[in-house]
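Enquirer: What follows is the residue order along each chain.
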Amino acid sequence: MNIADLSASVESARELRDYCSIAGTATSRLGRVPGVSSLDLLVEAIRNAVDDAGLKASDIDGVICRGPDESYSHHQMVAERLGINASFSTTLTNGGASQILAIAIATMAIRFGLAKTIVCGFGRDTWSRTHATEEARVRNETRPASQRPREFGPEYGYFGATAAHALGATRHMHLYGTTRNDFGAIATSFREHALRNPDAQIKKPLSMEDYYAGRMIVAPFGMFDCSLRSDAAGAVIVTRSDRARDMRRPPVLIKGFGTHNNTRGWFNDDNMVVTAARQSGEAAYRMAGLGPSDVDTAQIYDCFTYMVLTQLEDYGFCKKGEGGAFVSSGALRLGGALPCNTSGGQLSEAHAEGMLQIVEGVRQMRHLYPAERQVKNAEIALISGHGGNQVCHSTLILGKA
Amino acid sequence: MSEVKQKPVPRPAPESAPYWAAARERRLSLPKCEDCEGNWFPPSRTCPHCLSARVTFADVSGRGKVYSFVTFHRVYHPGFEGDVPYVVALIELEEGPRLLSNVIGVAPEDVRCEMPVEVVFEDVGEATIPKFRPRAA
Numbered sequence: 000m001n002i003a004d005l006s007a008s009v010e011s012a013r014e015l016r017d018y019c020s021i022a023g024t025a026t027s028r029l030g031r032v033p034g035v036s037s038l039d040l041l042v043e044a045i046r047n048a049v050d051d052a053g054l055k056a057s058d059i060d061g062v063i064c065r066g067p068d069e070s071y072s073h074h075q076m077v078a079e080r081l082g083i084n085a086s087f088s089t090t091l092t093n094g095g096a097s098q099i100l101a102i103a104i105a106t107m108a109i110r111f112g113l114a115k116t117i118v119c120g121f122g123r124d125t126w127s128r129t130h131a132t133e134e135a136r137v138r139n140e141t142r143p144a145s146q147r148p149r150e151f152g153p154e155y156g157y158f159g160a161t162a163a164h165a166l167g168a169t170r171h172m173h174l175y176g177t178t179r180n181d182f183g184a185i186a187t188s189f190r191e192h193a194l195r196n197p198d199a200q201i202k203k204p205l206s207m208e209d210y211y212a213g214r215m216i217v218a219p220f221g222m223f224d225c226s227l228r229s230d231a232a233g234a235v236i237v238t239r240s241d242r243a244r245d246m247r248r249p250p251v252l253i254k255g256f257g258t259h260n261n262t263r264g265w266f267n268d269d270n271m272v273v274t275a276a277r278q279s280g281e282a283a284y285r286m287a288g289l290g291p292s293d294v295d296t297a298q299i300y301d302c303f304t305y306m307v308l309t310q311l312e313d314y315g316f317c318k319k320g321e322g323g324a325f326v327s328s329g330a331l332r333l334g335g336a337l338p339c340n341t342s343g344g345q346l347s348e349a350h351a352e353g354m355l356q357i358v359e360g361v362r363q364m365r366h367l368y369p370a371e372r373q374v375k376n377a378e379i380a381l382i383s384g385h386g387g388n389q390v391c392h393s394t395l396i397l398g399k400a
Numbered sequence: 000m001s002e003v004k005q006k007p008v009p010r011p012a013p014e015s016a017p018y019w020a021a022a023r024e025r026r027l028s029l030p031k032c033e034d035c036e037g038n039w040f041p042p043s044r045t046c047p048h049c050l051s052a053r054v055t056f057a058d059v060s061g062r063g064k065v066y067s068f069v070t071f072h073r074v075y076h077p078g079f080e081g082d083v084p085y086v087v088a089l090i091e092l093e094e095g096p097r098l099l100s101n102v103i104g105v106a107p108e109d110v111r112c113e114m115p116v117e118v119v120f121e122d123v124g125e126a127t128i129p130k131f132r133p134r135a136a
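Sequence order for the protein chains is A and B. Everything in the first sequence is counted per numbering that gives the first Met the number 0, starting at 0 for the first residue and increasing by one. Everything in the second sequence is counted per numbering that gives the first Met the number 0, starting at 0 for the first residue and increasing by one.
Simulated from the structure, these hints should not be mistaken for laboratory data. Note that the coordinates shown come from a computational prediction; the quantities given were computed from them, not determined experimentally. Even for Gly, the Cβ is constructed at its ideal location relative to N, Cα and C. Among the clues, some could well be false.
[What the hints assert, rightly or not] Here are the simulated distance ranges between beta carbons: (1) S72/A <-> H48/B: 29 to 39 angstroms; (2) N376/A <-> P77/B: 48 to 58 angstroms; (3) D58/B <-> P148/A: 19 to 29 angstroms; (4) G288/A <-> P47/B: 34 to 44 angstroms; (5) G124/B <-> S145/A: 22 to 32 angstroms.
Sequences are here, hints too, so could you generate the full structure?
Expert: Okay, here's the thing in structure tokens:
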């Protein structure tokens, strides 16, 4: 980008800084919720979020949600169940990067008058689907059959997201001397947070001994490096900041967002050790006028332990290659230098493709938590979303109003 | 049950048919651009370097190194029940492109990033699948 283009983009991004706020947020029931579809889980979360904001469904005039992979025009079904017509309504397909992207699009749509109050959310019934039959449990596949690779994978016994991310972990270990001990520090830190969260799917403590005792799935990943299979949904209500001030809860400012997609592919360039968090983070920092040292808590997309480590490096919380030492220092724990995934994350709270990270970021910025869950004096939260075959990335920076 | 336990065979997209036909003849052949001479993987009909549609296939050396690898312990497909633990690696060919394969002829615990490897061809039912084994550097 040349200087003139960059300054123009900085100026337009600044115009959006603090323009919108999160006025309401909530989750559905989390964990194992048999007999409830992903759509109904999402509607449950939206209903709770609308109530949290002190609004009625008829106050919502926009819907942006990532649909489950097997469903077409999912946003239409959501709005239908909410009983509303929406002036702005669409479905996103950027995997785990979709949820922050939804908030970014909502902010832009509101700024340019396409809608006033937009709900963004995502729900999945992955625990129920992967436990429906023995075959589903063994295959542990969340994608519908039509989307699974037909060549250059299955013939080599290469299946699933675990292996894809583990390839990145091996390469990082080779280049920088990162160890499973570092991954274990992430898993145990987040589990400790989940134990403080009554809604978390997993209630059992996790020691380093437990971490190493976990069965290997695809080395270097064992079972505790892998996120949960969950029935879970979350939602947020986005509206103009001056409107949000009159609602039931303290509004949380949308200070910055950014996206980047390493669409050349996870296997190409150095994408599996330097993720698109680098550029998506830079864009979000630029819009917010902030840097890594301003961030008080990070809610990082933790599909696998290693992905937390590399994204923390890519966001500039430590140098590339020093993530292992950083996470092993205890920095990620509540009370540490950068409390991270303070509700337990996808490794221990529940997995809703980044949606619950957003909910937790909002809640930390409201300061309504009991002391043992609250990041003290936190004013800025950074949230990441990552997905879409490991290439899509989004970053959100929230601020206490 | 014996049918269920068979390994999956590649079901090629039309644009990758020449790759698999070459493998059947024990050649590793990758798409190559007739305009910019760039190569890439997996096969597609437009050159991702210059967008030329003048795409052909050209044989490559079959030599490369392990860029990264993982070891499967979990059985995701019954066809691999007898194979665990087995290694799936991302191979970086001398010519540049990277492709997924198995590293065979070496214990999983002895596989390393940057390990030099060479292609070998394995028949699985109707298909012939390129795999890699260690070679002297």
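Enquirer: Does each hint hold? Answer for all of them.
Expert: Results of checking the hints against the structure:
1. Between S72/A and H48/B, the C-beta spacing of about 36 angstroms keeps the proposed range 29 to 39 angstroms intact.
2. A beta carbon spacing of about 54 angstroms between N376/A and P77/B agrees with the range 48 to 58 angstroms that was offered as a hint.
3. A hinted range of 19 to 29 angstroms holds for the C-beta pair D58/B and P148/A, which are about 25 angstroms apart.
4. Distance hint check for G288/A and P47/B: the Cβ-Cβ separation is about 37 angstroms, which falls inside the suggested range of 34 to 44 angstroms.
5. At roughly 23 angstroms, the beta carbons of G124/B and S145/A sit within the given window of 22 to 32 angstroms.
In this structure, every one of the numbered hints holds.
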